[in-house]
Amino acid sequence: MLYPDTVEAEILVHKPWFVATMFGVVLLLFMAFNMSGTSFAELMRPVIGEPSVSGFYGRFAIAFAIAVIFTLNVVLIGFAPLKFQIGIVWLELLLLFIAFFETFHLSLPFIREKLPFLISQGVVTTLYVSAISIVIASVIAVAGAVAKLSSNGFAYAIASFYTSFFRGLPLLMQVYLIYLGLPQLGFVINAVPAGILALSLCYGAYMTEIFRSGIQSIDRGQWEASRSMGFGFTLTMRRIILPQALPVIIPPTGNQFISMLKDSSLVSVIGVWELMFLARTLGQKTFQHMEMLISAAMIYWMLSICLELIQARIERHYHRSKAR
Amino acid sequence: MSAQAIIEAKAVSKWYGQFHALKDINLTVHKGERIVICGPSGSGKSTLIRCFNRLEAHQSGDIVVNGVALHGKMSDVAAVRSNVGMVFQHFNLFPHMTVLMNCMAGPMWVKGVTEKEARNTALKFLERVRIPEQANKFPIQLSGGQQQRVAIARSLCMKPDVMLFDEPTSALDPEMVSEVLETMTGLARDGMTMVCVTHEMGFARAVADRVIFMDAGQIVEEGTPDEFFSRPCHDRTKLFLSQILKH
Numbered sequence: 020m021l022y023p024d025t026v027e028a029e030i031l032v033h034k035p036w037f038v039a040t041m042f043g044v045v046l047l048l049f050m051a052f053n054m055s056g057t058s059f060a061e062l063m064r065p066v067i068g069e070p071s072v073s074g075f076y077g078r079f080a081i082a083f084a085i086a087v088i089f090t091l092n093v094v095l096i097g098f099a100p101l102k103f104q105i106g107i108v109w110l111e112l113l114l115l116f117i118a119f120f121e122t123f124h125l126s127l128p129f130i131r132e133k134l135p136f137l138i139s140q141g142v143v144t145t146l147y148v149s150a151i152s153i154v155i156a157s158v159i160a161v162a163g164a165v166a167k168l169s170s171n172g173f174a175y176a177i178a179s180f181y182t183s184f185f186r187g188l189p190l191l192m193q194v195y196l197i198y199l200g201l202p203q204l205g206f207v208i209n210a211v212p213a214g215i216l217a218l219s220l221c222y223g224a225y226m227t228e229i230f231r232s233g234i235q236s237i238d239r240g241q242w243e244a245s246r247s248m249g250f251g252f253t254l255t256m257r258r259i260i261l262p263q264a265l266p267v268i269i270p271p272t273g274n275q276f277i278s279m280l281k282d283s284s285l286v287s288v289i290g291v292w293e294l295m296f297l298a299r300t301l302g303q304k305t306f307q308h309m310e311m312l313i314s315a316a317m318i319y320w321m322l323s324i325c326l327e328l329i330q331a332r333i334e335r336h337y338h339r340s341k342a343r
Numbered sequence: 010m011s012a013q014a015i016i017e018a019k020a021v022s023k024w025y026g027q028f029h030a031l032k033d034i035n036l037t038v039h040k041g042e043r044i045v046i047c048g049p050s051g052s053g054k055s056t057l058i059r060c061f062n063r064l065e066a067h068q069s070g071d072i073v074v075n076g077v078a079l080h081g082k083m084s085d086v087a088a089v090r091s092n093v094g095m096v097f098q099h100f101n102l103f104p105h106m107t108v109l110m111n112c113m114a115g116p117m118w119v120k121g122v123t124e125k126e127a128r129n130t131a132l133k134f135l136e137r138v139r140i141p142e143q144a145n146k147f148p149i150q151l152s153g154g155q156q157q158r159v160a161i162a163r164s165l166c167m168k169p170d171v172m173l174f175d176e177p178t179s180a181l182d183p184e185m186v187s188e189v190l191e192t193m194t195g196l197a198r199d200g201m202t203m204v205c206v207t208h209e210m211g212f213a214r215a216v217a218d219r220v221i222f223m224d225a226g227q228i229v230e231e232g233t234p235d236e237f238f239s240r241p242c243h244d245r246t247k248l249f250l251s252q253i254l255k256h
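Residue numbers (my numbering), protein chains in the order written: chain G, 20 to 343; chain A, 10 to 256.
Just so you know, these hints were derived from the structure itself, not from any lab.
Note that the Cβ used here is the ideal one computed from N, Cα and C, for glycine as well.
Take these hints with a grain of salt, some might be off.
Derived list of chain A stretches under chain G, where covered just means 3 residues or more per stretch with a C-beta under 8 Å from a C-beta of chain G [claimed, not checked]:
1. 84–96
2. 101–107
3. 114–126
Build the full structure now, drawing on both the sequences and the hints.
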């Protein structure tokens with residue numbers, strides 16, 4: 020939450036000028052579109068007659084109706100308590116999305132037929148590729164962060180070269196370089212390990228920087244107190260510094276996890292049968308691309324939501340020692 | 010003096026770049042002795058006691074603590090540190106652990122004491138600093154004075170041979186200073202060897218065996234509280250005393 024000011028403020032969506040402006044903007048916006056072919060225009064038939072010949076009056080009436088519904092909706096939501104507001108707005112946005120997908124006239128039987136395979140092969144592969152990569156990337160990140168903060172020239176040089184290189188190349192190129200480049204050196208590597216290696220190295224580089232800044236955010240006094248009690252470096256890091264750095268590290272790391280989940284789709288270019296690969300290939304035979312792409316999109320979204328929830332939970336957990 | 014020396018500093022010098030922070034310091038702290046170090050800010054008094062457990066490194070001279078010479082060797086330094094307690098100006102409690110865990114951590118992780126024993130020791134010392142009822146709270150829920158007393162208890166749990174205090178009351182609100190000073194006085198009464206950097210002259214007068222005045226990285230004057238406060242011989246000491254005792 021932002022800092023809640025204690026000055027009493029009238030609810031924005033109940034201020035007359037705001038309601039009027041919102042109404043005006045929505046009205047103008049929808050008058051700019053020709054809505055006469057939509058099902059909403061069909062609903063308006065009793066008022067405007069045949070939509071396609073209703074002309075300016077028809078346009079105005081449709082836009083007016085939409086503006087009234089929209090404004091009324093917002094004003095009413097303004098009366099609800101915070102939790103309901105969040106829920107209602109989420110639900111409405113979701114309905115709009117579903118209405119949007121509805122316009123593609125997707126074949127549901129086709130989706131139902133392919134979905135089990137999409138999940139059992141695609142989701143499983145996506146999940147295990149990203150899960151393994153996340154674990155390896157986190158390990159690299161801790162080591163990299165310590166190396167970047169150390170006074171050892173070799174460690175610093177290696178770590179900064181590593182982060183610079185892997186943050187500097189497109190991930191897609193890294194996937195190709197590892198899959199096609201390592202065999203040049205005599206290491207023939209399968210697609211899945213190559214993908215995991217590329218993802219771990221790339222995200223390890225980003226997360227090195229996140230961990231470094233997290234460790235640096237901890238007050239020097241914590242190190243001094245630990246060292247003055249005879250704690251060694253590893254003990255101090257593991258029991259004192261990292262646990263305190265975690266609340267700082269977790270939000271950006273959550274970002275990285277979500278981002279990694281989706282970037283794992285890049286390993287489809289080397290033929291790993293993960294979610295994206297299957298979504299493209301399953302629809303190809305019957306030209307039902309949209310069905311599979313949208314299904315895959317929804318699955319990615321749901322997996323991301325799971326990660327978001329986990330992140331929120333962990334953040335709540337670490338909030339404990341900050342509460343007065 | 011016949012008592013055994015716990016800290017011996019001989020001809021200690023330290024530089025920060027070009028700045029000569031400690032100049033040829035000679036100081037011996039004997040077992041059971043209470044020493045107060047005072048002086049204007051930037052005079053090197055904090056730096057000196059931070060050298061005693063090597064939070065700072067000195068560049069020349071020798072510091073011997075409990076018979077172990079402090080130099081770059083990590084194992085020696087760690088051995089010294091676990092026997093030297095330190096209390097900081099800003100408490101430096103571990104905010105992610107409860108008060109009890111703050112006190113148990115050192116004995117368990119460094120000395121390998123069992124959890125049960127560590128808990129008993131921690132409770133005993135929390136009792137001693139008179140906040141046993143706060144044991145399960147987090148440091149941020151405590152007042153400054155209480156936090157500092159927890160910090161003292163945390164150091165005591167390590168059963169140190171000597172306690173270093175680095176301006177323990179400087180960051181506290183006035184009404185909390187006395188509770189910390191009382192705790193420290195209690196420790197002194199029980200015979201703890203103490204080196205305190207502090208501006209609390211009342212405490213120095215009441216508790217110290219020896220008062221040391223530092224200025225510009227040197228020990229300018231040292232003596233018993235009585236000598237120090239009533240018959241200071243150096244001009245700088247007189248000036249300092251007149252400034253801090255004015256109010």
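Against the structure, the hints come out as follows:
1. For the stretch 84–96 of chain A, the assignment as covered by chain G holds, since 7 residues bring a beta-carbon within under 8 Å of that chain's beta-carbons and 3 suffice.
2. Counting residues of the stretch 101–107 of chain A whose CB lies closer than 8 Å to any CB of chain G gives 6, so the stated coverage by that chain holds, three being the minimum.
3. Check on the stretch 114–126 of chain A: 4 of its residues sit with their Cβ under 8 Å from a Cβ of chain G, so the three-residue criterion for coverage holds.
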